[in-house]
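**Student:** Residue numbers (the working numbering), protein chains in the order written: chain A, 1 to 208; chain B, 1 to 397.
It is worth saying that the hints were derived from the structure and are not from the lab. Check the hints yourself; a few may be wrong.
These stretches of chain B come out as covered by chain A in the derived footprint (C-beta under 8 Å, 3 or more residues) [what the hints assert, rightly or not]:
#1 149-157
#2 186-194
Derived CB-CB ranges, DEER-like [what the hints assert, rightly or not]:
#3 G173(B) <-> L83(A): 43 to 53 Å
#4 L361(B) <-> G14(A): 32 to 42 Å
#5 L83(A) <-> E132(B): 52 to 62 Å
#6 I128(B) <-> L187(A): 23 to 33 Å
Built from N, CA and C at the ideal position, the CB exists for glycine as well.
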Amino acid sequence: MNSNRKKLITNPLGKNNPITVQVLGICSCLAVTAQLKPAVVMALSVTVVVALSNLIISLMRKSIPPRIRIIVQLVVVSALVILVNQVLMAFVYDVSKQLSVYVGLIITNCIVMGRLEAFAMTNKPWDSFLDGIGNGLGYGLILVILGFVRELFGRGTLWGYPVFEKLGLYNIGYENNGFIIMAPMALILVGIIIWIQRSHNKELQEKP
Amino acid sequence: MILRDMFDKLKPNFSKGGRFEKLESTFEAFESFAFTPNTVTGGKVGNAYRGSHIRDAVDLKRTIITVVIALMPALLFGMWNIGHQTALSYGLDWGFWHQFWFGFLRMLPIIVVSYVVGLAIEFLFAEIRHEEVSEGFIGTGLIISMIVPVTVPLWQLALAVAFAVVIGKEVFGGSGYNFLNPALVARAFLFFNYPSHMSGDSVWIAAPFHFAGDAVTGATPLGQLMAGQPLQASALDMFIGTIPGSTCETSVVAILLGALLLLATGIASWRIMLSVVLGGGLMGLLFNAIGANEYMQVPFYYHYLMGGFAFGCVFMATDPVTAAQTNTGKWIYGFLIGAFAVMLRVLNPAYPEGMMLAILLMNCFAPLIDHCVVAANIKKRQRRWQAKLNVEERRTA
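Produce the entire structure from the sequences given, and follow the hints as far as they go.
**Tutor:** Here it is in structure tokens:
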């Protein structure tokens, strides 16, 4: 894989992250990250949808009439989302119940449409596929960080395993943070991640 | 002037190029804490003055110290009341000084934790940013310790203070740039994170030291009203403040003493205080008129005496950084705080006290209120100008 293609994967993980830099897909990132497991499942689902829809649209990009391209994109994305939803219901029913409407709402996730419009419509299939994988992982990275922090400090568990209880923290007076489970705290956490990222990466800082 | 000499001798070490250059902010903080700095606003350059027109040696530190002095009556009364409540509910025969001493010992760790955590973070940020340490926290730290229940676990308090200073203030650039009152951010953090330690009947009364039995519970007047119980405290009790409640906000008398000082020195805005009282009173009267349930029939002036209304009105709504800046804006801002606080108390079944949330809500809206007031003023003056132009046109025509 040459370096340009590698960048398609690594850029969205860092300085072009869809959540922390482009600020897309915030809604689902606040809604599904109260626990780690749904966050990981959501991250994988979005990665699959972005990568495959990028691939399909890129294959069709020359035959799509520009005036109806949004409709064509939506049809492709919806089909993929329905597929993902069925797979989730078949294999991880509990998580799919937890995620409820947010799987269906992947259709409206700005990252998906954004990548189709900005990348897949003008690039070759393999590049588009890699770009989809990269953006899905960039989105997933933030989700996993949020899910990890929120589940650990909000419920004292990780992937359902009672970490803090085993460590004996409750016996010395520790209590779970109820606030971190709520959506406002998730937004504050996203803000803190953005803060850390920007203070490390001077390129991302806006000029005052 | 041994202290002055000491500072002068040490100063070169902390200035640029000195040995402890990194600690310049820390040094500056202690120096200007001890002495009024001899720099004043602006200065004469050539023939013209630059900067603001009014020169005054009263800097932020002196302002904050006045607030701290204004807080003293409430703080001292609160300490006594902690001991008083414990003695009452555990049936102990404590004299005045014993009660005060007990309250002092219970308050001390809360104040120390609040100050140490908050100031440590303030100093850290000042050093990183090479700024002077801002003294806003001297007031905030004391206020935080005065609005929590006496039984608050100290590690939770420490976490809340850290959250309030970092997210409530430093993120936006430090004192003067925050749009939420940091003390209330700390309390809200505690309130939403650990509701069982911030409300209910079992958190307001401290158990005596070395006490092993079951803790005695005592409900606040607001808690009793929300649970539909009859009020135990009389209006006079609530006015003087001999009721269970957060550490230092029960006594309306002591708070009024502080209010007098703040108003006399012109540090707090009388417009905000008055409009908060008006807003709360009118909302209370409205509920009296509806009278659909027992809570609505509570006399409107009881709302001034219960919970944190008085404390919030005098010390938090008037915070000059987070309040509205225009005079008309202050009336609107204060009025809505009072009205929302009483509305939340009476209508919301989830929270017994509405003052904290009302002030935080209006903190968010203060810039918008100011914007609207300024825009309306511009429009008014434009119209006046236009009218004048029209008259002149007619005259020339």
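**Student:** Hint compliance check: list the failing hint numbers for this structure, sorted ascending.
**Tutor:** As far as the earlier hints go, not one is violated by this structure.
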